[in-house]
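Position chain B against the provided structure of chain A, taking the given hints into account.
Protein chains in written order, with my numbering: chain A, 1 to 403; chain B, 1 to 483.
The set of hints was computed from the structure by calculation and includes no laboratory data. Where a beta carbon is used, it is the ideal one built from N, C-alpha and C, also for glycine. Treat the hints loosely; a few may be bogus.
[As the list claims (entries may be wrong)] Simulated restraints, written as ranges between beta carbons of each label pair:
(1) H404(B) to R22(A): 50 to 56 Å
(2) L471(B) to G402(A): 52 to 58 Å
(3) G402(A) to I109(B): 36 to 42 Å
(4) A311(B) to G84(A): 20 to 26 Å
(5) E184(A) to L149(B): 33 to 39 Å
(6) A3(A) to V420(B): 55 to 61 Å
[To be verified] Partner residues aside, some chain A positions facing chain B, computed with beta carbon under 8 Å:
(7) E62
(8) L79
(9) G82
(10) N114
(11) R127
(12) E141
(13) I143
(14) G147
(15) G164
(16) R302
(17) A349
(18) G351
(19) G352
(20) A387
[Stated by the list, open to error] Under 7 Å between C-beta atoms, here's a sample of chain B residues computed to sit facing chain A:
(21) D116
(22) A194
(23) G209
(24) I252
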Amino acid sequence: MSALAPADEAEIAQAIGEARARATPLLLAGRATKDGILRPVQAETTLSLKNHAGVTLYAPNELILSARAGTPLAEIEALVAGAGQQIIAEPPDLAALLGETEGAQTLGGVVACNLSGPRRITAGAMRDHVMGLRAVNGAGEIIRAGGRVLKNVTGLDLCKLLTGSFGTLAAITEITLKVLPAAETTATLVLPGLDAQRGVAALAQALGAPFGVSAAAWLPRAQAARVGELAGFAASVALVRIEDFRPSVLYRGERLRALLSEFGAAEILDEAPSRAVWRAVRDAAPLGPVGGHDAVWRVSVRPSAGPGIVAVAEGLGGRCFLDWGGGLAWITAEASAETHRAITEAARAAGGVWWLMRAPAALRASLDVVPAEPAPLAAIARRVKAAFDPAFILNPGRIHVGL
Amino acid sequence: MIDLPDPKPTTLAARERIIAGLRALLPEGGVIAEALRLKPYETDGLSAYRQVPLAVALPETTEQVASVLRFCHENGVRVVPRGAGTSLSGGALPLADAVVIGLMRMNRILAIDYADRLAVVQPGVTNIGITEAVRGAGFFYAPDPSSQLACMIGGNVNMNSGGAHCLKYGVTANNLLGLKIVTIEGEVIEIGGAHLDAAGYDWLGLLTGSEGQLAIVTEVTVRILRSPEGARAMLAAFRSNEIAGACVDAIITSGIIPVALEFMDRPAIHACEAFAHAGYPLDAEAMLIIEVEGSIAEQDDLLARIKEICARFDPISLKISQSAEESAAIWKGRKGAFGAVGRISPDYLCMDGTIPTGRLPDVLRRIGEMSDSYGLKVANIFHAGDGNLHPLIMFDANDPESFHRAEAFGADILKLCVEVGGCLTGEHGVGVEKRDLMTAQFTAVELDQQRRIKTAFDPDWLLNTAKVFPLTAALAPAMPRAA
Numbered sequence: 001m002s003a004l005a006p007a008d009e010a011e012i013a014q015a016i017g018e019a020r021a022r023a024t025p026l027l028l029a030g031r032a033t034k035d036g037i038l039r040p041v042q043a044e045t046t047l048s049l050k051n052h053a054g055v056t057l058y059a060p061n062e063l064i065l066s067a068r069a070g071t072p073l074a075e076i077e078a079l080v081a082g083a084g085q086q087i088i089a090e091p092p093d094l095a096a097l098l099g100e101t102e103g104a105q106t107l108g109g110v111v112a113c114n115l116s117g118p119r120r121i122t123a124g125a126m127r128d129h130v131m132g133l134r135a136v137n138g139a140g141e142i143i144r145a146g147g148r149v150l151k152n153v154t155g156l157d158l159c160k161l162l163t164g165s166f167g168t169l170a171a172i173t174e175i176t177l178k179v180l181p182a183a184e185t186t187a188t189l190v191l192p193g194l195d196a197q198r199g200v201a202a203l204a205q206a207l208g209a210p211f212g213v214s215a216a217a218w219l220p221r222a223q224a225a226r227v228g229e230l231a232g233f234a235a236s237v238a239l240v241r242i243e244d245f246r247p248s249v250l251y252r253g254e255r256l257r258a259l260l261s262e263f264g265a266a267e268i269l270d271e272a273p274s275r276a277v278w279r280a281v282r283d284a285a286p287l288g289p290v291g292g293h294d295a296v297w298r299v300s301v302r303p304s305a306g307p308g309i310v311a312v313a314e315g316l317g318g319r320c321f322l323d324w325g326g327g328l329a330w331i332t333a334e335a336s337a338e339t340h341r342a343i344t345e346a347a348r349a350a351g352g353v354w355w356l357m358r359a360p361a362a363l364r365a366s367l368d369v370v371p372a373e374p375a376p377l378a379a380i381a382r383r384v385k386a387a388f389d390p391a392f393i394l395n396p397g398r399i400h401v402g403l
Numbered sequence: 001m002i003d004l005p006d007p008k009p010t011t012l013a014a015r016e017r018i019i020a021g022l023r024a025l026l027p028e029g030g031v032i033a034e035a036l037r038l039k040p041y042e043t044d045g046l047s048a049y050r051q052v053p054l055a056v057a058l059p060e061t062t063e064q065v066a067s068v069l070r071f072c073h074e075n076g077v078r079v080v081p082r083g084a085g086t087s088l089s090g091g092a093l094p095l096a097d098a099v100v101i102g103l104m105r106m107n108r109i110l111a112i113d114y115a116d117r118l119a120v121v122q123p124g125v126t127n128i129g130i131t132e133a134v135r136g137a138g139f140f141y142a143p144d145p146s147s148q149l150a151c152m153i154g155g156n157v158n159m160n161s162g163g164a165h166c167l168k169y170g171v172t173a174n175n176l177l178g179l180k181i182v183t184i185e186g187e188v189i190e191i192g193g194a195h196l197d198a199a200g201y202d203w204l205g206l207l208t209g210s211e212g213q214l215a216i217v218t219e220v221t222v223r224i225l226r227s228p229e230g231a232r233a234m235l236a237a238f239r240s241n242e243i244a245g246a247c248v249d250a251i252i253t254s255g256i257i258p259v260a261l262e263f264m265d266r267p268a269i270h271a272c273e274a275f276a277h278a279g280y281p282l283d284a285e286a287m288l289i290i291e292v293e294g295s296i297a298e299q300d301d302l303l304a305r306i307k308e309i310c311a312r313f314d315p316i317s318l319k320i321s322q323s324a325e326e327s328a329a330i331w332k333g334r335k336g337a338f339g340a341v342g343r344i345s346p347d348y349l350c351m352d353g354t355i356p357t358g359r360l361p362d363v364l365r366r367i368g369e370m371s372d373s374y375g376l377k378v379a380n381i382f383h384a385g386d387g388n389l390h391p392l393i394m395f396d397a398n399d400p401e402s403f404h405r406a407e408a409f410g411a412d413i414l415k416l417c418v419e420v421g422g423c424l425t426g427e428h429g430v431g432v433e434k435r436d437l438m439t440a441q442f443t444a445v446e447l448d449q450q451r452r453i454k455t456a457f458d459p460d461w462l463l464n465t466a467k468v469f470p471l472t473a474a475l476a477p478a479m480p481r482a483a
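Pulled out of the complex, with its shape left as it was, chain A reads as follows (with noise of 0.2 Å):
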């Protein structure tokens, strides 16, 4: 097992090209914090791109950053925060979940995974704000996509597809992003005591009214009590978040206390409580901690069909709540071949879709970590990664056998 860790984008390029020249597996990684995400990777070598680090354009007033991959995302949190900003899809910091070191992961890890927070149902993930990348592909050709500005055309979108392509297409050595401000303030609805059905109902017509909400979750009575804020409230919990400038954050919170009125009375927890509510739920900490015999599931279905699989992982003794709505199931549970099953046959069934977060390694190994794709879509898939990758020797097998 041999580890490199260049600081400058020709050097790696230069060791792609030499794994290519060898047919040598590369396991791409930043600092490693999501190794334990969908399969493991088979390779001798780990590239690592935590030295290619640094913000490298900071434009406030453009709305601009960009940065090198190996740039750890609590550095350009800080920096934009100093300007009154923030990273739009509230990225995860998904350590604890994952058994990991908190605070730990770059830019790069989330942008190849594309994770996104609650914001995400209201105002895009990260694929959606990825403006721009560099990055070698398994050729150790150095390729651009998008730019440096925020509304771009020009030729095939290799942005969103390198987004959330696992490091299987290209190693990606610096991103650009869109930021927005921050808002002035935020303040959360919790309405207690709902069941998955009626919570993920209020969520809906908080989401269908006119109140600028950005983020909506259900967590049943078991997850809400594994957040300070929440275990109070002895109960299962709806949330609803704005976030604006105060008079509007005042205004809204009243419409929409009086719009939900029929789920029951709500109470409104203020800028504090709310940014720790909602930090534990981006970072799934509801689930509370999981074990060396759990996995961890990450379902994305509609809305709707959110309440469905609670009922399923419930049924199964995991434990599980809702973000984006009621569209994202956070679950976890024994880690088995038979309740992969259930749950995914669960997601299927509504349509969704699923990513294996956290399992052992055999069984990550043996399991579909997300849906397999109809035949023909493989097929595109597999000559796609070839036109990156044509020796197949970047993160093979990570998302699917044999890609």
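Just chain B now, kept in the frame of chain A:
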């Protein structure tokens, strides 16, 4: 006229057999082959370029699209997809040996779901048609290209269309959930669905804006949003482009993202005022239209904040609309800009580059210099929040020399956009118009990377050939060999 690939002699020679083959696959009236009836399909929104196609096929179902594509693939026939034909970049320009597949008969809304906030529509539904279908329940479909009364969602997907309100709501790619596509081999594939995010590669993201290079879209699942309580516009006029640009920066950095932030330069103000009598200040060098949303009180709050910022930049005038009617009047000139320019010049080219917003004053100054040296007038309209610049170059189509100068002027503007860190096209697409400028933005390695992706979907390069990528002797690039 731009170079197009030589028609395949075998296809031209087999014309009657191809038409008969298509007629066998489609319902009565589903194939157009008569010269007179082919004429309307010879061009699109970029009317300077014209080419009558071999035939036009008008399928009514996904299965018919699949059978037509299978037939074309088996016979090596090129295919040009077309919606309403409003492309400003020649995206739907036919080829002499190509079958145009018109999707306008697939114009049904298949499902609307307010609980999950989505609609499933066929590609021939107009952009405004989606909003009209959900307006009664208080919802809308956000991307609003200027052509929204006519343009179709299938074309919007293929060009990743934007609009005046995408500063807040994003472009087409940000408002899609799923697609049904047909590959050139005639395989029907569902991408995405009613859920968020792709597990596996983001095919939805790749297909959006792919300009018909990868597949034909036969069904689209869009997100629908609840309309805001209300919206109101204000108008701010300034003594120079620099000052107006600095004011835009100040608004954005103050933490306010207006729902729209439109910039017009002096020629654009004059053209629009003469046309719409919107009350625009004719003594201004630059003008901003700024729109905010929310309740009346929220609008008041935001407009007051913005007014305070504008006041710091020595404005010639500041006018906050007091009613929906006044807002409509403020927008009337901007929305009629193309017609307004059309009134003062027989013809114009609408360019579409994007620049880093901070470079606006410099770019406008250099466009002004080019205008002088080319001897052609230009009016600039700019989506100031997101840097998307639309110079309207005025020329006379009856004078071929004037048209060539306009084209060269346009190319120089786009190269300037790339030079200052921007791109060739923000929302109109590359099409045939900007195809040969792609080398100004991308290296040969980068273009080959994109071309290999096309090959992965369309190995014989039959789909919308001669668009997006510069013509090369062998259309498809060599695939790299494994070591």
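Here is what the structure says about each hint:
1. In this structure the supplied range 50 to 56 Å holds for H404(B) paired with R22(A), their Cβ-Cβ distance being about 53 Å.
2. The given range of 52 to 58 Å is broken by L471(B) and G402(A), whose C-beta atoms sit roughly 35 Å from each other.
3. For the pair G402(A) and I109(B), the supplied restraint of 36 to 42 Å holds, since their beta-carbon distance comes to about 40 Å.
4. A hinted range of 20 to 26 Å holds for the C-beta pair A311(B) and G84(A), which are about 21 Å apart.
5. Distance hint for E184(A) and L149(B): a CB-CB separation of about 38 Å, consistent with the stated range 33 to 39 Å.
6. For the pair A3(A) and V420(B), the beta carbons lie near 40 Å from each other, so the given range of 55 to 61 Å is not met.
7. Taking 8 Å as the C-beta contact cut-off toward chain B, the hint placing E62(A) at the interface holds, the least distance being around 5 Å.
8. The interface hint given for L79(A) is violated, since its Cβ lies 15 Å from the closest Cβ of chain B, which is over the 8 Å cut-off.
9. The criterion of a C-beta within 8 Å of any C-beta in chain B is not met by G82(A), whose closest approach is roughly 12 Å, and the hint is violated.
10. Hint status for N114(A): holds, given a least beta-carbon distance of 7 Å to chain B, under 8 Å.
11. Here the hint on R127(A) is kept, as its CB sits about 6 Å from the closest CB of chain B, short of 8 Å.
12. Below 8 Å, beta-carbon pairs count as interface contacts, and E141(A) has one with chain B at about 5 Å; its hint therefore holds.
13. Nearest Cβ of chain B to the Cβ of I143(A): about 5 Å, under the 8 Å cut. The hint holds.
14. For G147(A), the interface hint holds, since its Cβ comes within 8 Å of a Cβ in chain B; the closest pair sits about 5 Å apart.
15. Against a cut-off of 8 Å between C-beta atoms, the interface hint on G164(A) holds, since the closest Cβ of chain B lies about 5 Å away.
16. Below 8 Å, beta-carbon pairs count as interface contacts, and R302(A) has one with chain B at about 4 Å; its hint therefore holds.
17. Interface restraint check for A349(A): the shortest CB-CB distance to chain B comes to about 12 Å, outside 8 Å, so the restraint is violated.
18. A distance limit of 8 Å between C-beta atoms decides the matter here; for G351(A) the minimum to chain B is near 5 Å, and the interface restraint holds.
19. For G352(A), the shortest C-beta to C-beta distance to chain B is roughly 5 Å, which falls under 8 Å, so the interface hint holds.
20. Nearest Cβ of chain B to the Cβ of A387(A): about 4 Å, under the 8 Å cut. The hint holds.
21. Below 7 Å, beta-carbon pairs count as interface contacts, and D116(B) has one with chain A at about 5 Å; its hint therefore holds.
22. Given the 7 Å rule on beta carbons, the hint for A194(B) holds: about 4 Å separates it from the nearest Cβ of chain A.
23. This hint holds: G209(B) has a C-beta 5 Å from the nearest C-beta of chain A, less than the 7 Å allowed.
24. Satisfaction of the interface hint for I252(B) is found here, the shortest Cβ-Cβ separation to chain A being roughly 6 Å, below the 7 Å cut-off.
Comparing the model with each earlier hint shows violations of hints 2, 6, 8, 9, 17; every other hint is respected.
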